[in-house]
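Numbering (the working numbering), first residue to last: 223 to 477.
Hints were generated in silico from the structure; no laboratory data involved.
Errors might be hidden in some of the hints.
To be verified - Derived pair list, reagent style DMTMM-like, types lysine to aspartate or glutamate, alpha-carbon separation capped at 25 Å: (1) Lys238 to Asp353; (2) Lys266 to Glu242; (3) Lys238 to Glu332; (4) Lys296 to Asp286; (5) Lys463 to Glu439; (6) Lys266 to Glu332; (7) Lys296 to Glu367; (8) Lys463 to Asp349; (9) Lys441 to Asp454; (10) Lys299 to Asp349; (11) Lys441 to Asp310; (12) Lys270 to Asp286; (13) Lys463 to Asp310; (14) Lys290 to Glu239; (15) Lys266 to Asp244; (16) Lys299 to Asp229; (17) Lys299 to Asp289; (18) Lys463 to Asp330; (19) Lys248 to Asp330; (20) Lys441 to Glu332; (21) Lys299 to Asp353; (22) Lys296 to Asp229; (23) Lys266 to Glu300; (24) Lys463 to Asp353; (25) Lys270 to Glu300; (26) Lys461 to Glu367; (27) Lys238 to Asp289; (28) Lys441 to Asp413; (29) Lys296 to Asp353; (30) Lys270 to Glu242; (31) Lys270 to Glu239; (32) Lys238 to Asp330; (33) Lys461 to Asp353; (34) Lys248 to Asp406; (35) Lys290 to Asp330.
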Amino acid sequence: MANQVVDFTGILMYRKEYRERDLLVKFATQQVGKRMFFIRGARKRGFKMTADLLPFTYGGYVGDIRDKGLSYIKTAKETSQFMGISNDIVKNAYATYIMSLVDLAIADNELLGGWYNRLFQGLTRIDQGLDPAIIANIFEVQLLELFGVAPNLRNCVVCGGTTAPFDYSESLGGLLCRHHLSADPHRMHLDQRTIYYLRQFSRVNLANLNQVSVRPETKINLRAALDTIYADTVGVYPKSKRFIDQLDRFGSKLS
223 MANQVVDFTG ILMYRKEYRE RDLLVKFATQ QVGKRMFFIR GARKRGFKMT ADLLPFTYGG
283 YVGDIRDKGL SYIKTAKETS QFMGISNDIV KNAYATYIMS LVDLAIADNE LLGGWYNRLF
343 QGLTRIDQGL DPAIIANIFE VQLLELFGVA PNLRNCVVCG GTTAPFDYSE SLGGLLCRHH
403 LSADPHRMHL DQRTIYYLRQ FSRVNLANLN QVSVRPETKI NLRAALDTIY ADTVGVYPKS
463 KRFIDQLDRF GSKLS
């Protein structure tokens, strides 16, 4: 695509101060992929697009899209903000983590395909009050394919069996049925409720998710399982995840 002015719908992923008065802002967009924009004078008092460039803002913009280097935003059209996320430190932390994972999984300037709508739906569900930790778990499971892992959570990787109980094998890349547990002596030994949710998360459509309720002990087990899978097979640990882990440790001390 040659340099051109484009109307686009975007979600502000993050912003970074640049020089004395400017900003670098990354958007996930529906039309032109994930892009970094240079906003000249964005930190000056009275800048006309200040409200349109706040964290967790989404809406319509007009951008000068460049094939190489930074793109530029000419103006904002109609924008809104995920206020529930902006005003809650826990929602904020998980939303930031989800966007960090999407940012790591998809290259800059690459079209997002269905991931734009998934991201928007996920943030909307968090903003509406659904459990942000579970929404993050769903993204972690569904993003594995983009990270090149793509575990088989449908059936046994050895025989194709679909009858529980199952366990998870990192080395074999998916589920093992009861008849083939010996295929991996280092399988994860996950409980069946955790396996159930991992399988559900792999295929849930966030647009259809209106409520979610997971037992506290299962949430802990899901967190541990996905942390292990990401550490062993993906190898990414965003700063936003460190902050969530710190929040969890702080919450444990208070409880």
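Here is how each hint holds up against the structure:
| no. | hint | in the structure |
| --- | --- | --- |
| 1 | Lys238 to Asp353 | violated, 28 Å |
| 2 | Lys266 to Glu242 | holds, 9 Å |
| 3 | Lys238 to Glu332 | holds, 21 Å |
| 4 | Lys296 to Asp286 | holds, 7 Å |
| 5 | Lys463 to Glu439 | holds, 20 Å |
| 6 | Lys266 to Glu332 | violated, 31 Å |
| 7 | Lys296 to Glu367 | violated, 35 Å |
| 8 | Lys463 to Asp349 | holds, 19 Å |
| 9 | Lys441 to Asp454 | holds, 20 Å |
| 10 | Lys299 to Asp349 | holds, 22 Å |
| 11 | Lys441 to Asp310 | holds, 20 Å |
| 12 | Lys270 to Asp286 | holds, 18 Å |
| 13 | Lys463 to Asp310 | holds, 16 Å |
| 14 | Lys290 to Glu239 | holds, 21 Å |
| 15 | Lys266 to Asp244 | holds, 8 Å |
| 16 | Lys299 to Asp229 | holds, 9 Å |
| 17 | Lys299 to Asp289 | holds, 23 Å |
| 18 | Lys463 to Asp330 | holds, 21 Å |
| 19 | Lys248 to Asp330 | holds, 9 Å |
| 20 | Lys441 to Glu332 | violated, 33 Å |
| 21 | Lys299 to Asp353 | violated, 31 Å |
| 22 | Lys296 to Asp229 | holds, 10 Å |
| 23 | Lys266 to Glu300 | holds, 22 Å |
| 24 | Lys463 to Asp353 | holds, 16 Å |
| 25 | Lys270 to Glu300 | holds, 13 Å |
| 26 | Lys461 to Glu367 | holds, 22 Å |
| 27 | Lys238 to Asp289 | holds, 21 Å |
| 28 | Lys441 to Asp413 | holds, 12 Å |
| 29 | Lys296 to Asp353 | violated, 36 Å |
| 30 | Lys270 to Glu242 | holds, 17 Å |
| 31 | Lys270 to Glu239 | holds, 17 Å |
| 32 | Lys238 to Asp330 | holds, 16 Å |
| 33 | Lys461 to Asp353 | holds, 21 Å |
| 34 | Lys248 to Asp406 | violated, 42 Å |
| 35 | Lys290 to Asp330 | holds, 11 Å |
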